[in-house]
Each structure stands twice: as C-alpha cells, then as structure tokens.
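*Asks:* Protein sequence lines correspond, in order, to chains A and B. Oh and the first sequence: position 100 is 291 in my numbering, straight run, nothing missing. Oh and the second sequence: position 4 is 900 in my numbering, straight run, nothing missing.
Don't take each hint at face value.
[Stated by the list, open to error] Calculated lysine-lysine pairs in the DSSO-like style (CA-CA distance at most 27 Å, straight line): (1) A:427 x B:1216; (2) A:424 x A:217; (3) B:963 x A:220; (4) A:523 x A:407; (5) A:276 x A:220; (6) A:427 x A:407; (7) A:417 x A:489; (8) B:963 x A:424; (9) A:407 x A:217; (10) A:311 x A:489; (11) B:910 x A:417; (12) A:458 x A:424.
[Claimed, not checked] Partial pick of chain B residues on the chain A-facing surface, computed with a CB cut under 7 Å: (13) 938; (14) 943; (15) 973; (16) 977; (17) 1207.
None of these hints come from the bench; they were simulated from the model. For glycine and all other residues, C-beta sits at the position ideal for the given N, C-alpha and C.
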Amino acid sequence: MATSAPPSASVEARVEGRRPTLEELKERKARSRQRGQRTGELMTLSLGPQHPSTHGVYRAELDLDGEVIVAVRPEIGNLHRGVEKLCEHRTYHQIIPLTDRLDYLSAFAMNHGFCEAVEKLMGVEVPPRGRYIRTIAHELCRIANHIMWLGIHVMDLGTQTFFCITFRDREYILDLFEMLTGARLTHSFARIGGVAKDLPDDFDYRCRKVIDFIPKRVAEYERIIKYNRIYHKRTKGVGIFTAEDCYAWRVTGPALRAAGVARDLRKDEPYAAYDEVEFEVAVEYNADVYDRFLVRMKEIRESCKIIRQCLDRLPGGPFLARDAAHSLPLKKDVLRSAPAMIQDFYHVFHGPHAPKGEVYRAIEVPKGEMGVYIRSEGGPRPTRVRFTTPSFYHGQAVPALCEGEMIADFVAIFASVDVVLGDCDR
Amino acid sequence: MSDAVVQLLFLIIKALLMSLIIVTMVAFIIYFERKFAGFFQSRVGPTYLGPWGSLQSFGDILKLLSKEDLIPEQADRWVFRLAPYLIFVPAFLVMAVLPFGPVGGEPNLFGYRFDYVIANFDSGLVLFLAMGAVAVYGVVLAGWSSNNHFSLLGGLRAGAQMISYELAMGFSLVGVMLMAGSTNLVTIVDYQAGGFWSWLFIPQVVGGLVFFVATLAELNRTPFDLAEAEQELVAGYLTEYSGMRWGLFMFAEYVNLLVVSGIVATLYFGGWRAPLAVLDFIPGPIWLFLKICVLIFIYMWVRWTIFRYRYNQLMSIGWKVLLPLSLANLVVTAVVVNIFGD
C-alpha cells in the first residue's frame, strides 16, 4: 500500500487565525511529505512538455514511488526565444513590445518594469498623470492575472466549470484594456517617460463599474471555493513552502506573502503612484496552497481599492514626459510642429540617448518580483539586458516544492506558485 | 405456435430493441452532457449538426470511424485490442436484467405473455456487481498494455479505486436485498409497488447515498475520476487509444452511466412503477425512462460542479466513511427486518 500515514494530520494541525511558528511549519511540511512506506522501486515519468497542466511547455522528469514523487528534474527552456539577446539589437523604444511577450498574461506589468528601469538609467521624470495611469493599468493587470490564475488553479484540481466563470470575468478587464490600449493581450502601453495614450473619455465611468463589480465576483468565488470540503482537502497543508525556503529559492510574490512575509515592492520601494495611495499588503501565515489562494483574493480587493483611489485623485497635465532626448513626442503633434517632427525622426531612426552606466530596477508584478538589469555603453541600444522574472525562479523551485508530495498535488502546487512559461524561458 | 417459440422470438426482439435503444440513447446522452456542460459554463455547447446540434454525436462517431487505428509499437497488441470490449460488453449485459415494465401475469400481447424484461433470473443484482468488477479488468488491462507510464498509473488507480469502493457498494446493496428478500430485480421492483412512499430510498436513505457515491467512483466521474484525471495523467488509461477504439471506451462509459442510473432507479426509486396510483395509466417503460433521465442529469450536475479528490483521499473515504456507513446500514436493516419483518 502506498498510503498508510494519514495525510490529514497536517490539516488538523492548521487552526484558522493562528500564526504558526517557523518550527511548526517545518514540522508540518516534513509530516505531509512523509507518506507511507516507500517500496524503493522507482518509475520515471516524463511530464510535459505537452501536458495539460504544465501551463505551456514546461517539462519535468518525475521519479515516482507509486504515486509519491521522490525526485523532480525540471527542464526549463523549451520556449526560449532569446529575448535578452534580441534586446541588444534594438533601441529602448523597440524593446517595449518584446517585453509584452515575457509574461503575456500581464503584459503591461512587464512594459512597466522595463520602462521603470530605463527611466532610472536615463533619469527621466514621469509626470504625475502618467504615473497614475500606469498604476491603474498595472493593477488592472494584477486583477486579470489573479482571476485567470484562479481559474487555472481550480481546473488543475479537476473542475472545469469554474474556469469558464473566471474567464468570463477576466473579459471585463480585457475590455477595459482594449479601450485603454487598443489591444487585449500584448498592450505595449508604457513608454519611456509615461504611457502611450491618455485615458479615453468614457474610461473613468466604465472602469468604476468594473471595479465595483469585481469584488462582488471575488466574494462569489470565495463562496464557491472556501466552503468546498474537497478544495480544503486538496489544498490545506499541501505544498508548504516556508519563508526560509522562499528566501533560498527566491520565490516571491503571493507565494512569499502566504508564508507570512510582508514583502511587497509596491510598499517597500514605491514606484509609479503607489506611495500616494493607501492599500494593505495581503499576508497569510500557513504557507500552503490554500493560503496562496487567500492572498491572491485579498490582492484583487486591494487592487480595486488602489484603482478607485487613482481615479479619484487623477491629476491633470501631461501623461508623457516632455523630454526630447529620451521620450517620443505626442503623435498628434508630429505632423503639426517642426520640433516634434524632428524629435520623432530622432527617436525612430536613431533612438533615445542613454548615458553610460548600469542599472537594476525591480518592481512587483502580479507573479512576484520582476527585476530588469540594463548595462549601457551610451547610445540608443543597451549592451546587455537581463530580466529576472518571477516565473523562472518559481519554475526552478519545483523540486523543492514538490518532492515528497503526490503526483496529484504536483499540478496543484505547480499552479499555486503561478508560472507562465513565456516569462520563465524568455 | 408453441409458447416457448414465441417467448424465444420475444427475447430476440427485446434484445435487439434494447440494444438499439441503448445505442440511440447513448448518442443523445453524450449530446446532452456536452450541452449541459455548455450551459453550466456559460457556453452554448454543440450547435452545428442538426437542430440545436442534436446530431453531433453521430457526426463524432462517423469521424472516429474514419480515423486511423493506431496501436503503439511497444504495446501488447492482443491485450490492447481486447481491453475496450472488456469494458463495452459488461456494460450492455447488465441491461438484460433491468425490468422496464410488468413481468409475469396474464397474457397481454396477441394471447401470449410479454415480459418487460430480457432475462428474469434470480441473481440479477449479483450480475450487476460482477459486471462492474469485470469492467475494471478492461481499464487495468488497457492501462497495462499501452506501455505508457500515464496509462499504467491510470490503470493502477482504477484497480485501487475499485477495491476501495466496491465493498461499500456491495454492502449498501445488501440492505435492499434484505428488505425485498431477493436479488432478483423484478422482485425488488414488485416489493416497491404502491406509490412513492413504498419506494426503498426512504428506508434505505443511508445505503442509497453510499451507493450513489460509490457509483460515482464506478462511473469514473468527477470527484473520483482518478483513472483518467486529465490534469494529472493526460487521459489516464485512454492516453494511447485513438479512433474508434477510444470511441468504444467513451461509448461504454455512457452505457455505464445509463445502466447505473437504471439500477439506481430500479433499486431505490421504484423502477418502472408510477409514483402515484392515479398515474398508473402511463406505461412502465416511460416512467423508467423519466427516472433515468433525472438521475443522469444529477450525475452530470455533480460532474460539472465539484473538484477531484486525491487518490489516497478516495481510498480513505471508501474505507473510513463509506464502508462503516454501509455496514451500519446493513446491521440496522437486518435488525429491523428481523423484528418487524412480514
């Protein structure tokens, strides 16, 4: 028999509202990963790259003892497109559409991270309206990403209906993006020194309707999921990854916050308009799959709060920096004024002027911390760009996350840390 | 013509008709499953072929028949070909013992007696359990012979799953057997004559629920669809099957759904009998059909609503919850039947 130790032992140890200490968490983790007697006969299962729940083309070789995973060997790189190398042959403006293709589920967040880094390198000041619009778009991304995550995570646990419900609700966010940027998936909306367009006329009204609606939907999701016994049995005490483990494997974002660490770059190193709005960092303490779900649901609510505050306080003025050396001119001015036309030619045919130096800037994207490193020798193109994207670190932590768990939990845990392979392999 | 010849003729006609009805019904059950799944998921489901897409299943069958029949090189070819039939045939056989109208009594058709059951024999319920057990061989062998690790895991899961739920399923049926005093389905339906308050789901509510949950596992449907858990094992034991061989598995799954709904209706909901005496003018087969439809809808509802259990959780449910419950039900039923019986 593969299963003799009660898997529910770790579930019982979990008391709502009580913070477990690190030692307790470690003990729970050890207990949940020590199932039954091992026969010692291993079977190697090649999971992926084409498998329904590897979220793209992730491949893992699993050594199985019955249904228990003894060892995992992840294989990352099936979707490698050489984005970082491509960046070396493009001007800073031309790199922005490439960043869309990193984490294509939250494309604006990727644009934003890259632009923040370039602005730090060039010393560009973003006007207040640009910062606020960036914050709104970024938080819309976060909502869309978490809603989609929920659908896929729940589908990995075996119910397909819920997936369709969440996709229907994500559609409202995508409609807003379509209105705002003209694209539903790859936005390319951020620009060096601001954003590409101002908010459309009707945006304020429609955005408020959506962010009033989304918390109601989140309450509905929680009503469906939180009181579902099977969901509890499948997620509580599963895939425990303590704060120490997170530090060791550089796991960030909701998975880290579910381990009780209130680390959120929006609060710790504010950028855009995050230091001017009020919000709470969602933290949970049990470090398991269930708490990662709770953290994300809280984050959706906080995102709605942030967007509402941004819409209330949206300042007037330009949304793109008036900085001829580094920013594109407004398109409507290009055919009307000579300086704008010259600026446009300069940026399209030559590129923005960057000083010599190197810079690293990290921001909090929906999946975790995304860092951009740029080294510049001067001129319009970077000599080296490095993206440290959260999915890569989450993907490589899979052995530590899953060894000792069962194969059915592998998919649940893999989904719970939120991996997108475009982001992972770049 | 002598009575024996006529009965033989009736038997052949009934068997042919029943097969035809099952095949047609299954095609529509598949259509309705897809349509309901669509409605549950705010989609529309199939729409193209026939009115509201109702002929979709026939189109699918044509497509599957025209597909290449692939057998993996490393597979155990003989077992690989045998496995679908081991699932397909038992599913059909159970239909033979399911009464769909009155049995015995006066001659009712051209001066001959027409029994509304194909095989009226005493161990009908045992046949149902036996065929359920045989069908698992099909799954295990399909998993084994495919020579694929996903299939193997699916087959092993099916085997372990069967051991966990089949015992509870058998024990929950013993309650019905004790009350009706027979394992003949015809007798069990006769025992439930006289309106819905004499149906067995009222005294056997615990046993009935245990049986329902166990049938979910038998049917490989959502909370317990471990053997073909898509997100974990790609398609479980079906991974290497393609074309009409895969279609046979799919077909057998829905025949099983039909049969199990029929068994639940017969054991706990009065079979072909009307719920009220005033409704007796509606013929028995129609009542059975309606009850089966409602039950099939409930099975679909469950499938598209809830999550999947982990494999060891199904086993602990089978051994720690269902088995004690069905045993308690058995003991209480035995005591009550002994004291208040007759």
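*Asks:* Taken at face value, is the distance from the CA of residue 424 of chain A to the CA of residue 458 of chain A at most 27 Å?
*Replies:* violated, 34 Å
*Asks:* Please work out if residue 424 of chain A and residue 217 of chain A have their alpha carbons no farther apart than 27 Å.
*Replies:* holds, 20 Å
*Asks:* Quick one, are residue 427 of chain A and residue 1216 of chain B close enough, alpha carbons at most 27 Å?
*Replies:* Distance ~20 Å between residue 427 of chain A and residue 1216 of chain B Cα, so the pair holds.
*Asks:* Holds or violated: residue 276 of chain A and residue 220 of chain A, Cα atoms, limit 27 Å.
*Replies:* violated, 40 Å
*Asks:* Given residue 938 of chain B as an interface hint, is the shortest Cβ-Cβ distance to chain A below 7 Å?
*Replies:* holds, 6 Å
*Asks:* Is it true that the CA of residue 523 of chain A sits at most 27 Å from the CA of residue 407 of chain A?
*Replies:* Roughly 40 Å between the alpha carbons, so the hint for residue 523 of chain A and residue 407 of chain A is violated.
*Asks:* Taking only the CA atoms, is the gap from residue 963 of chain B to residue 424 of chain A under or equal to 27 Å?
*Replies:* Not OK: residue 963 of chain B and residue 424 of chain A at ~41 Å, beyond 27 Å, violated.
*Asks:* What's the verdict on residue 910 of chain B and residue 417 of chain A, does the C-alpha distance respect the 27 Å limit or exceed it?
*Replies:* violated, 50 Å
*Asks:* Just to be careful, I want the Cα atoms of residue 427 of chain A and residue 407 of chain A compared with a cutoff of 27 Å; is the pair within it?
*Replies:* holds, 25 Å
*Asks:* Compare the distance between the alpha carbons of residue 311 of chain A and residue 489 of chain A with 27 Å, and conclude whether the hinted pair is satisfied.
*Replies:* violated, 31 Å
*Asks:* Would the stated hint for residue 973 of chain B survive a check requiring a Cβ distance to chain A of less than 7 Å?
*Replies:* Since chain A brings no Cβ nearer than about 23 Å to residue 973 of chain B, farther than 7 Å, the hint is violated.
*Asks:* Double-check residue 1207 of chain B for me: the hint is only fine if its C-beta lies closer than 7 Å to a C-beta in chain A.
*Replies:* holds, 6 Å
Checked against the numbered hints above, the structure breaks hints 3, 4, 5, 8, 9, 10, 11, 12, 14, 15 and 16 and satisfies the rest.
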